[in-house]
Amino acid sequence: MQNPLLSISNLGKKFGGVTALVDLDLAVPRNRIFGLIGPNGSGKTTFFNVVTGIYPATSGTVVFEKEDITRFSPQKVYRAGVARTFQRSRLLLPLSILDNITLGDHSQLENGLFFNLFRRRALAAQYRQLLDKSRDLITIFDPGLADRIFEPVVNLPMISRRRIEICRALISNPKLLLLDEPSAGMTHEETHRLIDDILQIKDKIADLTIIIIEHEMSVMERITDHCAVLNFGQKICEGTYQQVAADPEVQKAYLGVD
Amino acid sequence: MSEPSRTHASLLPSVAAVLAGAVYMVFFLAGESQMVVFGLLVGAVLALAAFKHWRVLDAVGQSARDHQGPFSIVVVAAVAAVCLYFYDDAFVLFLLGTVLVYVLTCLGLNIQFGFVGVMNFAGASFFGVGCYTAAVLTKHTALPHLLIIVLGGLLAALLGFVILIPVLKTRGHYAALVTIAFALLFKTFLEVNDTLGGPQGLKAAGLNLFGWDVGRDIAIGDFEGSFYLGYIAVILLLAILGFIMARRMEDSWIGLNMDAVRLDETVSACFGQSIPRWKITAFTIGNFYCGVAGAFYAMMLGYIAPTNFTFGDSLILLSIVILGGLGSLWGTVVATGIVIIIPEKFQVLQEYRFLLFSALVIAILLFRPQGLLPRPLRGYRTLKSLPGKS
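Protein sequence lines, in the order shown, are assigned to chains F and P. The first sequence begins at 1 in my numbering and counts up one residue at a time. The second sequence begins at 259 in my numbering and counts up one residue at a time.
So that you can see chain F by itself, here it is in the shape it has in the complex (with noise of 0.2 angstroms):
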């Protein structure tokens, strides 16, 4: 593949005795929508905490724009252009919505303590930005949560917090943005709605590329431009989601054996 955004090889992730992702191989293209499928367990989130510098891998490499950042602390692979979604999601729930949106930019934001407490007006004016940034960027997904961006997260249904989630992700303008099971605990037509969002964003930004984790196979088929299967922590197939919805190594992951 030419110029792949992230290449994964021989990744490696072991837990004491229990093998989470065993040589694993992908390449990851630009400006698409990469599908990552299988069964519970497989190692779809390990793969992601792997990624962004939670867990260290135990063997291979993850290359990132080039850049090897197999070694790298999830604060700088998130300053290297990565942001994520979390599988349950995980706000900050007695925040409230401009907060927890507010957090996702923290490289952008000025955190020194002078700055903070004694050049209060350039922070007003960057508290101002920021603000409307965010407004902006919620607007997309739901003008009503742009009216009450002041209100906690923990009042709000769980399609609205995933959308707060996915904007906290991206107001960083990453390059890659991994989502983790965006679908978990939504109703199929929230979910559907949410992929809408995806999609919508996908147009607006032109220079981002995605990686999903999902279990609703309509979900993989609309979006994916290609998938991966995984299981046992291998990959057992590649290709676009028709190829690999047809492969019968695949379906015996799903189904089980006989």
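Be aware that one or more of the hints could be misleading.
[What the hints assert, rightly or not] The calculated PhoX-like cross-link candidates involving lysine-lysine, where the alpha carbons are at most 20 angstroms apart (straight line), are: (1) 66/F - 175/F; (2) 133/F - 642/P; (3) 202/F - 175/F; (4) 76/F - 427/P; (5) 76/F - 175/F.
[Unchecked claim] Over the 10 angstroms line for every Cβ pair with chain F, so calculated as not near, a few chain P residues: (6) 286; (7) 402; (8) 592; (9) 612.
[Unchecked claim] What the simulated footprint calls covered on chain F by chain P, stretch by stretch (three residues with Cβ under 8 angstroms from a Cβ of chain P suffice, anywhere in the stretch; the number is not a length): (10) 63–75; (11) 85–95; (12) 99–107; (13) 114–123.
To be clear, the hints were calculated from the coordinates, so they are not data collected in a lab. Glycine is no exception: its CB is placed at the ideal position from the N, C-alpha and C atoms.
Based on the hints, put chain P in the right spot on chain F.
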């Protein structure tokens, strides 16, 4: 602009509440017999329950939030007025001064515990570091006293910095364990250290600011007031400064970062936050507050001894923070008043102090875990009022 649906509340309810509180304080502090004081206390509890039932408290809170600046000025004026009312009553003035000292200390602990989530079980020890710094430096050097107060804060901050570094990479409550160890160690160290006076402690010189001997009674024309008025003026200024800085910290990216670290370290890390950085920042600043308060307190009291800095005192400080509400700055102010003043007015209660506070903390955690005055959502109100500059 941001909350279009809601109209601005009037300033009146909060001002009325502060005035009522000030008048109540005057009666409570002036109350001589235990029966009167007890009656006033029960009356206050009943009145608060009734006001809550009639939604008066909600109106007061809304009004205070909508007019933070004017409200704060009214509170400071009310505190000053109460102090002036007792202008020649050394006992009451010393008590009020002590409350303000503990307000500053607990604001520091609230930055640590309420903002970033590091529990400091050695608050009284860091306070003590400030006290001993002041006692030693006023005796052996001729440094300006204002500088000594700052040095007391810096030394406490530095010590805290050093003991926190080894546990920064750990998650969970290791930091709390280290502070417990430090608290126990600190008191024992003082008791066996002869240079620092051993169990008898040390004398500290009175505060002298630019030639103004604060320890001397005040006489302006016909007015003659206790020297404690001077001390109260200084600590009131320090507490206001501490409050403003803590509020600024809360209403800024730093407050947001600290909240994120407290609530979810993994998410914070995935969005570029350095977790050790915010923990150490909050811990250091909080201990600076404790040290400054301690240095001032040593000068006001005139002598210090290790018995003032026990583990139990640290627990009282933490219980103030929990009682007021984690992260709630006004809550800390109110809770400090309650916890310091009530046992002083009830001599009978003195011995049961710890028992009562333990029961109170358990009751709060059971029935109102967010504290007496729960922390409001960050609204960046102090920023919104600033004129734009882009």
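The hints, checked one at a time:
For a cut-off of 20 angstroms, the pair hint linking residue 66/F to residue 175/F stands: about 13 angstroms separates their Cα positions. For the hint pairing residue 133/F with residue 642/P, the CA-to-CA distance comes to about 16 angstroms; that is within 20 angstroms, so the pair holds. With a C-alpha separation of about 11 angstroms, the suggested pairing of residue 202/F with residue 175/F holds against the 20 angstroms cut-off. Restraint check: the Cα-Cα separation between residue 76/F and residue 427/P comes to about 17 angstroms, which is no more than 20 angstroms; the hinted pair holds.
Taking the CA atoms of residue 76/F and residue 175/F, the gap is near 14 angstroms; set against the 20 angstroms cutoff, the hint holds. At roughly 35 angstroms from the closest C-beta of chain F, the C-beta of residue 286/P stays outside 10 angstroms, upholding its exclusion from the interface. With a least beta-carbon separation of about 23 angstroms from chain F, residue 402/P lies farther than 10 angstroms from that chain, consistent with its non-interface assignment. Remark: the non-interface label on residue 592/P is consistent with the geometry, its nearest Cβ contact in chain F lying 21 angstroms away (cut-off 10 angstroms).
With 10 angstroms as the threshold on Cβ separation, the claim that residue 612/P sits away from chain F holds: the shortest Cβ distance comes to roughly 31 angstroms. With 3 residues bearing a CB less than 8 angstroms from a CB of chain P, the region 63–75 of chain F meets the requirement of three and the coverage assertion stands. For the region 85–95 of chain F, the stated coverage by chain P holds: 6 residues have a C-beta nearer than 8 angstroms to a C-beta of that chain, and at least 3 were required. Here's how the region 99–107 of chain F fares: 6 of its residues keep a CB closer than 8 angstroms to some CB of chain P, so the rule of at least three is met and the hint holds.
Closer than 8 angstroms: that is the beta-carbon criterion, and the region 114–123 of chain F has 6 residues meeting it against chain P, so the requirement of 3 holds.
Checked against the numbered hints listed earlier, the structure breaks none of them; every hint is satisfied.
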